[in-house]
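Since chain A is already given, all that's left is putting chains B and C on it; use the hints.
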Amino acid sequence: MNRTLIVLTVGALFAGTAAAQSSVTLFGIADLSGRSVKNGSAGSQKQLASGGLATSRFGLRGVEDLGDGLFARFHLEAAVNPDVGTTDTSKFFGRRSTVSLEGRFGEFRMGRDYNPTAMNTFDEPFGLVGVGTIGNFTYAGSAALGSGATTVLRNDNSFAYFLPSKLGGIYGSAMVAAGEGVAGNKGAGGRIGYAAGPLDVGAAFFKTETASNTDYDQSNIKAIYKFGFASLNFLYDTKKFGSLKRKMTMIGTTIPFGQSEIRAAYATNNHSGGAAGSGFANADDSKLMALGYVYNLSKRSAMYATVSRITNDGAARASVSNAPPAGMLGGEKSSGYEFGLMHRF
Amino acid sequence: MNRTLIVLTVGALFAGTAAAQSSVTLFGIADLSGRSVKNGSAGSQKQLASGGLATSRFGLRGVEDLGDGLFARFHLEAAVNPDVGTTDTSKFFGRRSTVSLEGRFGEFRMGRDYNPTAMNTFDEPFGLVGVGTIGNFTYAGSAALGSGATTVLRNDNSFAYFLPSKLGGIYGSAMVAAGEGVAGNKGAGGRIGYAAGPLDVGAAFFKTETASNTDYDQSNIKAIYKFGFASLNFLYDTKKFGSLKRKMTMIGTTIPFGQSEIRAAYATNNHSGGAAGSGFANADDSKLMALGYVYNLSKRSAMYATVSRITNDGAARASVSNAPPAGMLGGEKSSGYEFGLMHRF
Amino acid sequence: MNRTLIVLTVGALFAGTAAAQSSVTLFGIADLSGRSVKNGSAGSQKQLASGGLATSRFGLRGVEDLGDGLFARFHLEAAVNPDVGTTDTSKFFGRRSTVSLEGRFGEFRMGRDYNPTAMNTFDEPFGLVGVGTIGNFTYAGSAALGSGATTVLRNDNSFAYFLPSKLGGIYGSAMVAAGEGVAGNKGAGGRIGYAAGPLDVGAAFFKTETASNTDYDQSNIKAIYKFGFASLNFLYDTKKFGSLKRKMTMIGTTIPFGQSEIRAAYATNNHSGGAAGSGFANADDSKLMALGYVYNLSKRSAMYATVSRITNDGAARASVSNAPPAGMLGGEKSSGYEFGLMHRF
Chain A
70 MNRTLIVLTV GALFAGTAAA QSSVTLFGIA DLSGRSVKNG SAGSQKQLAS GGLATSRFGL
130 RGVEDLGDGL FARFHLEAAV NPDVGTTDTS KFFGRRSTVS LEGRFGEFRM GRDYNPTAMN
190 TFDEPFGLVG VGTIGNFTYA GSAALGSGAT TVLRNDNSFA YFLPSKLGGI YGSAMVAAGE
250 GVAGNKGAGG RIGYAAGPLD VGAAFFKTET ASNTDYDQSN IKAIYKFGFA SLNFLYDTKK
310 FGSLKRKMTM IGTTIPFGQS EIRAAYATNN HSGGAAGSGF ANADDSKLMA LGYVYNLSKR
370 SAMYATVSRI TNDGAARASV SNAPPAGMLG GEKSSGYEFG LMHRF
Chain B
70 MNRTLIVLTV GALFAGTAAA QSSVTLFGIA DLSGRSVKNG SAGSQKQLAS GGLATSRFGL
130 RGVEDLGDGL FARFHLEAAV NPDVGTTDTS KFFGRRSTVS LEGRFGEFRM GRDYNPTAMN
190 TFDEPFGLVG VGTIGNFTYA GSAALGSGAT TVLRNDNSFA YFLPSKLGGI YGSAMVAAGE
250 GVAGNKGAGG RIGYAAGPLD VGAAFFKTET ASNTDYDQSN IKAIYKFGFA SLNFLYDTKK
310 FGSLKRKMTM IGTTIPFGQS EIRAAYATNN HSGGAAGSGF ANADDSKLMA LGYVYNLSKR
370 SAMYATVSRI TNDGAARASV SNAPPAGMLG GEKSSGYEFG LMHRF
Chain C
70 MNRTLIVLTV GALFAGTAAA QSSVTLFGIA DLSGRSVKNG SAGSQKQLAS GGLATSRFGL
130 RGVEDLGDGL FARFHLEAAV NPDVGTTDTS KFFGRRSTVS LEGRFGEFRM GRDYNPTAMN
190 TFDEPFGLVG VGTIGNFTYA GSAALGSGAT TVLRNDNSFA YFLPSKLGGI YGSAMVAAGE
250 GVAGNKGAGG RIGYAAGPLD VGAAFFKTET ASNTDYDQSN IKAIYKFGFA SLNFLYDTKK
310 FGSLKRKMTM IGTTIPFGQS EIRAAYATNN HSGGAAGSGF ANADDSKLMA LGYVYNLSKR
370 SAMYATVSRI TNDGAARASV SNAPPAGMLG GEKSSGYEFG LMHRF
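These protein sequence lines map, in sequence, to chains A, B and C.
According to my numbering, the first sequence is numbered sequentially starting from 70.
According to my numbering, the second sequence is numbered sequentially starting from 70.
According to my numbering, the third sequence is numbered sequentially starting from 70.
The following block holds chain A by itself, in its conformation from the complex (with noise of 0.2 Å):
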């Protein structure tokens, strides 16, 4: 009645051959963490939360190979927010649902996906997630800036080309995403990086269409740096809407050793071109500090411990919890730590 799902395509297992010819993973995370956060005037709560290392999901991908370097791909992949039992229900595939081909040309990628700027983002020490992540000013607190952009994280119908991956180095991508008549889904942009030895830098941008005339604009520049004990990572990332603007510059570190890992960031959000007390203005800016420790249990399993602060000047209502809570006014602090268990399967 248990069966197991075993890294291996049907070719090798029978008939010895070098060549996999298919395969299909079912994949996924689940992430739990006791949480307790306090956001000003809205008082403390403590939590169950999901994805406080990594987001909670699962999904399927595949790769077939059709010979002559040629590769068939294709990635379903689910949020699920296990302290509850519920997915998206609105996109139930929303992290990521693509088709791809790819060859020594690269890779032809068509479906839902991560917007450009996003991939830049990912390497910050948090991973996006929890009360430390950067994520808490570059993808909360309507990102959008009012535009209706839907483009902030991941693209509906967006075609990809990626670069091939054996180029001294350089990597980059480019995306264009059809509208289909809705409004602040179209858009291009594209990416571009090097990574050698140590070094990782990369920069990228992505306009969106809006119902007005005026464009969204998202761009940012990220670098890594691997010293021998630590890593250095540092993230400048834009997001504008006319005269709105946001920018949020991070640096952190992440210290390995044994089977842990010790991620500390300090990160600015700075707002201008809002009016007074709208949260946009000149005034309304942010820093969040977070440090966390990280237990490796094994490869796929982990223990973690955040905490993190954000202080808010003028009406500014950043929190750890990403969308700050009813009650919670502008310019109040938010903190919170969590302790959890990953798991990777």
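Check the hints yourself; a few may be wrong.
No copy labels: a pair is met if it fits in one copy or bridges any two.
Derived DMTMM-like pairs: lysine to aspartate or glutamate, alpha-carbon spacing no greater than 20 Å straight-line [to be verified]:
1. Lys356 - Glu401
2. Lys314 - Glu330
3. Lys402 - Asp134
4. Lys368 - Asp137
5. Lys235 - Asp137
6. Lys115 - Glu278
7. Lys160 - Glu176
8. Lys368 - Glu171
9. Lys107 - Glu249
10. Lys314 - Glu278
Hints are computed from structural coordinates only; laboratory data are not their basis.
Chains B and C only, in chain A's frame:
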């Protein structure tokens, strides 16, 4: 961390026994195409579309050998739209969800499954999907003719019996569907056919009880003849509710050569019995011409291109987009083409 | 294209090592029955029903051996209704979604899981499903007694500890559930039992905070004794909210012989404390008698037949359909039978 699903059973792997005892299969299709459609006054639109060659899906199915020629089977199949990451929100496993007991006597199958008449329409050259399908006639534009029948393509709460496969070419099934108090759900019908050598002919009907005293009736006849170099397909499909009638006649062909395949279809959709201007009057007829090319990269992956054109008379509004978009007027032309990648797993 | 999931791990297959390093299991049940119910003035209805012998479902679960007797586990389980193709739209993995760390110390489990009192009700002869289940008393008809508690059967945001399995027959668990600002979600409770030889006795309670000052209390006691030829089951289950009480008492038996099994249960459901005519008054009691036969086609597949009858006194409206249908009046009889096929995968 990566695991691949293998075509084998526990028994076969370990004991070298000939008889597979049970199996579960994770299967699916990811199919996306770049599509351009033009629908009269609604204008043109460029799209990333799901399922141009075969409906994108994923599912689980399994079979257990109970001995004595008896098998238990299940089948759960979900529609997926990888262009935007969605599934069917109202019926997740809405494509099929059945449990079966199969033996030398045939198969008893319960659950949600295709209507017997739908099974005769699968073999049209375009496989009921994409811009070129006769599904744009048969299953679109209020195919229930205002009857409220929910049984146009699939039936909830169905009990079906399928003839065993070894009957000298004769195949067939009978189905009843319980209403369970929901109007338009209750019905009964069947299918009978003969397939031998190059010939395959079949007929089917299904009668659905509606909220009124009038039944909704579906019936069709299909014929396929496989020449040495090509297949010729014919389908005549009628739907009837009181005085309202829709008659679809299709002639099509599939010409395989090497790894390629050329597909073509011509179809007419004739309405009668409706009020003038309703789209269901005698004058409200439509014609479809479609041409396609498939290049099979492997047995599981293909690239394809399709071009299709529908002309509408009177108030008819048939569209290559299946449902006519807002703004398209009666009697206007609809045309489209697509170029896509399909991958089975 | 077909792939079967195999009961083995990568380590075991390739290296012949004794210790399985990890496994993922895709599992489920597809169970459909033809059912006929008669609910007083609501009349009779013929149905195709899901889960007459065991709830239809599918899920993923896995375990990783972390060494030193430590294991990481996850479990994601979704309800499925194959009669109509639906899943649970509000909580896809609503049956269970947990992550665990297990060791010689026992198991720490987080997520959405069964309430400790629910775990004592699994062993009733009809397995909490179908027309004959005492779930028609215990978990139906406003089992929350108007308290707004969401913890009747399962709890969101729960932290649980389970005793290790080798404690000389003693088993047990404790659970707290975080409220996270949602009324009726927060609670705490536990379960303790003793299973040795033919005997298994257990008791459990759970206290839920509600929007009012009054708690909602669940408690029960179960006892199972396995004679040589049969099992005898006893369950006493109470739910209490202020002056309102529901007390369910069940005695049942399971008699296996060959590939068959006979199941029978008699239960009473007693209300008290409610206003006259409310369905919760002293006079509003119900009785259930159910008889079932199971024929196991294999270890994984079975055919079954169940017949059940509920008599209601006063304003009680308990139904073999679980929720009483519209039109059924207080004090009316409810009866039903079903004949089905269950397949585990």
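Taking the earlier hints as the rules, which of them does this structure contradict?
2, 3 and 7
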